[in-house]
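Q: Chain by chain, the residues run as shown.
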Amino acid sequence: MAQTRFDRNAQLNGWAFIMPAMMLIGIFMVYPILWSLWMSFQVGRGTNFKFGGLANVERLLNDPVFLRALTNTCIFFIVQVPIMIILALLFAVALNDSTLRFRGLFRTAIFLPCVTSLVAYSVLFKSMFSGDGVVNNVLLATHLVNDPIPWLTDPFWAKIVIILAITWRWTGYNMIFYLAALQNVDKSIYEAARIDGVPAWARFTQITIPMLKPVILFTTIISTIGTLQLFDEVNNITQGGPGDATLTLSLYIYNLTFRFMPSFGYSATVSYVIVIMVAILSIAQFMIARDRRRTA
Amino acid sequence: MSGLKLRGVRKSFGSVEVIRGIDLDIEPNEFVVFVGPSGCGKSTLLRMIAGLEGITEGELDIGGTRMNDVDPSKRGIAMVFQTYALYPHMSVRQNMGFALKFAGVAKDEIDRQVDEAARILELAPLMHRRPGELSGGQRQRVAIGRAIVRHPEVFLFDEPLSNLDAELRVHMRIEIARLHKELATTIIYVTHDQVEAMTLADKIVVMRDGSVAQVGSPLTLYDDPDNLFVAGFIGSPKMNFLKGVVAESGADVRLPEYGDQIIPLHDSVARPAAGTDVTVGIRPEQFEPDGRTKLDLKIEMIEHLGGETYVYASHNDGEVITVAARDARAVKPGQNFVARFNPTSVLLFGTDGNRIR
Ligand SMILES: Nc1ncnc2c1ncn2[C@@H]1O[C@H](COP(=O)(O)OP(=O)(O)OP(=O)(O)O)[C@@H](O)[C@H]1O
Ligand SMILES: [Mg+2]
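For the protein sequence lines, the chains are A and B, in the order given.
Taken in order, the first sequence gives residues 107 to 402; the numbers are from this note's numbering.
Taken in order, the second sequence gives residues 645 to 1001; the numbers are from this note's numbering.
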């Protein structure tokens, strides 16, 4: 009897402690999520909407701008995430080498971009990659190209600029995770590998990468989510242009909601596309990681 | 089965010299143990032999070839690390076969060799586990197995047993001794456990501050140490060191702190000049009930180990002397105690720490 009363007290206390946090999460996370799900079934413009069932999904499938934004987002994700992950890994391995001089300097230099102001760096990228910007001047001066590259005015090159920008900004962030993981690895494992005659490249692919696999999985998911939600860079550097060449899903949602005649229901539907993609990709990445472990 | 030759080997980290000129010959098939206090450079020297550290100065020769600048994998050595250094994401089988894969050995040959090593080390039931699923002793055996499959000329061990508990340590020590017989290779083994050193070694290298204090068989180092350092380092409990002065006659040593007790110098000892300060060394186990010389002591503390009793006693609250006594079950702290020994069993050291022979 006393036992159960004590248990109930403990339970009440527990709930009391987490209640404030639960309420905040409820108000600011669960409610908007559910509300946007509800919204995604509404059709209409501005504040004047009504329930439309799956009408928004239908509109989605026939919306060329949406398909464009989806394709662009997928291109950014498929091209950029692997490049960034591999770069971050290589940097981390290089910076973990105790014989490298000025390690602290390099480490800071590579990490610095991800603490710089987003708008500042976007403006800088915009001016550097403009028709007569620094990048073109250098390329012309070194005779690498004969004509200036239309960085911001050509659909292909504009995508490249965006990929360069987000890679520049986020590689250091991912690298820090790898560096932290590498510093926990027993050095004698690599010494054993040297004695075993394992070449440097195989040490990287067959020892470092498998040992970092959990961290790689984590950063891949984080980066995937980040890239699927890509907004700031495209909004600040290219505004989605030229044409819709760098339009991303997030930017499209923003345009639907705030720039065009507001269509809240439809933009909620588009944002659920991102949610579903993130969910599918994360599950897929977990499955791939787990399968490899079984067969290994 | 190669021997090794080290000539004037030195190592500096920046301006700090940690290995200060080592000359050493290791015969093929010999079991050599490096011992010494922490930080004396044992691991560094071993890693220089392995090629994990560069050699600042001097010559390293393995099996008749100069190896100073040869890649670690081409020196014909294999190393077992204190932390095992197994590849955590690979199975036991993969761990053991990994080196062979890069040596261009065919797959079925790798399997054959790995199975052979697994048989020697009794690892067969564990081949599909990962290092994380093994006990410390099993991991250590895998690490040894990984070394065996490469058929090295020289095995290097850096404190391989120091992460194991006392019982397992004894077991693995016997395993390693058996392995040395079975494989008939040269082994260089670093430890600071002198029981390991005494039981395993054909030859012990006692190191101190980056140089060799003495090289010799375990019993040579025990019976006939060259200096105070080796005398104090080998043997447990430690040898007792008593302050002495050579008496006027030149034929005796007087112990001023022990009531001017006289120890006659035996014939084999060189006769230092009268009045010279010396250190008299006597091991705890060399006290005997019917010895000719005696020390009058008072017991401070007693340790009963069952078979043996260690009596810690002093004269007039001076330095504490350790005596291993056989029939001392009844003695109590505070009692007077007479420790007897024979003058022939003491060792004399000069003020420079070197043995007077
Ligand atoms: N990479 C290094 N850089 C600078 N000094 C080092 C380095 N490695 C070792 N030392 C120094 O060299 C000396 C010898 O180290 P070493 O590891 O060889 O000692 P050890 O005899 O193996 O000691 P232990 O019994 O504690 O393992 C120590 O004083 C150590 O501080
Ligand atoms: Mg060491």
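These aren't lab readings, by the way, just hints derived from the structure by calculation.
Glycine is no exception: its CB is placed at the ideal position from the N, C-alpha and C atoms.
One thing to keep in mind: the hints can contain errors.
As the list claims (entries may be wrong) - In the BS3-like style, the derived pairs of lysine-lysine whose C-alpha atoms are separated by at most 27 Å in a straight line are: (1) Lys718(B) with Lys293(A); (2) Lys293(A) with Lys745(B); (3) Lys718(B) with Lys319(A); (4) Lys265(A) with Lys293(A).
Stated by the list, open to error - Quick list of the computed label-pair ranges, beta carbon to beta carbon: (5) Arg209(A) with Gly776(B): 25 to 35 Å; (6) Asn712(B) with Ser223(A): 29 to 39 Å; (7) Ser223(A) with Lys718(B): 25 to 35 Å; (8) Asp715(B) with Phe208(A): 22 to 32 Å; (9) Gly347(A) with His772(B): 51 to 61 Å; (10) Phe208(A) with Glu753(B): 40 to 50 Å; (11) Phe310(A) with Arg763(B): 48 to 58 Å; (12) Phe324(A) with Lys718(B): 21 to 31 Å; (13) Asn290(A) with Asn712(B): 46 to 56 Å; (14) Gly894(B) with Ser204(A): 53 to 63 Å.
What the hints assert, rightly or not - Computed from the model, here is a short list of chain A residues facing chain B with C-beta under 8 Å: (15) Glu164; (16) Val304; (17) Pro305; (18) Ala308; (19) Met317; (20) Val321.
Q: Please go over all the hints and tell whether each is borne out by the structure.
A: For each hint, the structure was consulted:
1. Of the pairs offered as hints, the one joining Lys718(B) and Lys293(A) holds, with about 20 Å between alpha carbons and a cut-off of 27 Å not exceeded.
2. Our distance criterion of 27 Å between C-alpha atoms is met by Lys293(A) and Lys745(B), whose separation comes to about 22 Å.
3. At roughly 31 Å between alpha-carbon atoms, Lys718(B) and Lys319(A) are farther apart than 27 Å, so this suggested pair is violated.
4. Pair hint Lys265(A) plus Lys293(A) does not hold up; C-alpha atoms about 41 Å apart against a cutoff of 27 Å.
5. Range check, Arg209(A) to Gly776(B): about 30 Å between beta-carbon atoms, so the 25 to 35 Å window is met.
6. A hinted range of 29 to 39 Å is violated for the C-beta pair Asn712(B) and Ser223(A), which are about 54 Å apart.
7. For the hinted restraint 25 to 35 Å between Ser223(A) and Lys718(B), the CB-CB distance of approximately 53 Å leaves it violated.
8. Judged by the Cβ atoms, the range 22 to 32 Å given for Asp715(B) and Phe208(A) holds: they are separated by roughly 27 Å.
9. For Gly347(A) paired with His772(B), a C-beta distance near 57 Å keeps the hint of 51 to 61 Å intact.
10. About 46 Å separates the C-beta atoms of Phe208(A) and Glu753(B), a value consistent with the hinted range of 40 to 50 Å.
11. With their beta carbons about 33 Å apart, Phe310(A) and Arg763(B) fall outside the hinted range of 48 to 58 Å.
12. Separation of Phe324(A) from Lys718(B) is about 39 Å and departs from the stated range, judged on CB atoms against 21 to 31 Å.
13. For the pair Asn290(A) and Asn712(B), the supplied restraint of 46 to 56 Å is violated, since their beta-carbon distance comes to about 33 Å.
14. At roughly 59 Å, the beta-carbon separation of Gly894(B) and Ser204(A) lies within the given 53 to 63 Å, and the hint holds.
15. For Glu164(A), the shortest C-beta to C-beta distance to chain B is roughly 48 Å, which exceeds 8 Å, and the interface hint is violated.
16. For Val304(A), the shortest C-beta to C-beta distance to chain B is roughly 5 Å, which falls under 8 Å, so the interface hint holds.
17. With 8 Å as the threshold, the beta carbon of Pro305(A) comes within range of chain B, its nearest partner Cβ sitting at about 7 Å, so the hint holds.
18. For Ala308(A), the suggested interface contact is upheld, since its CB lies about 7 Å from the closest CB of chain B, less than 8 Å.
19. Nearest Cβ of chain B to the Cβ of Met317(A): about 6 Å, under the 8 Å cut. The hint holds.
20. Interface hint at Val321(A): violated, since its Cβ lies 13 Å from the closest Cβ of chain B, which is beyond the 8 Å cut-off.
Of the numbered hints stated above, those contradicted by the structure are hints 3, 4, 6, 7, 11, 12, 13, 15 and 20, listed in ascending order.
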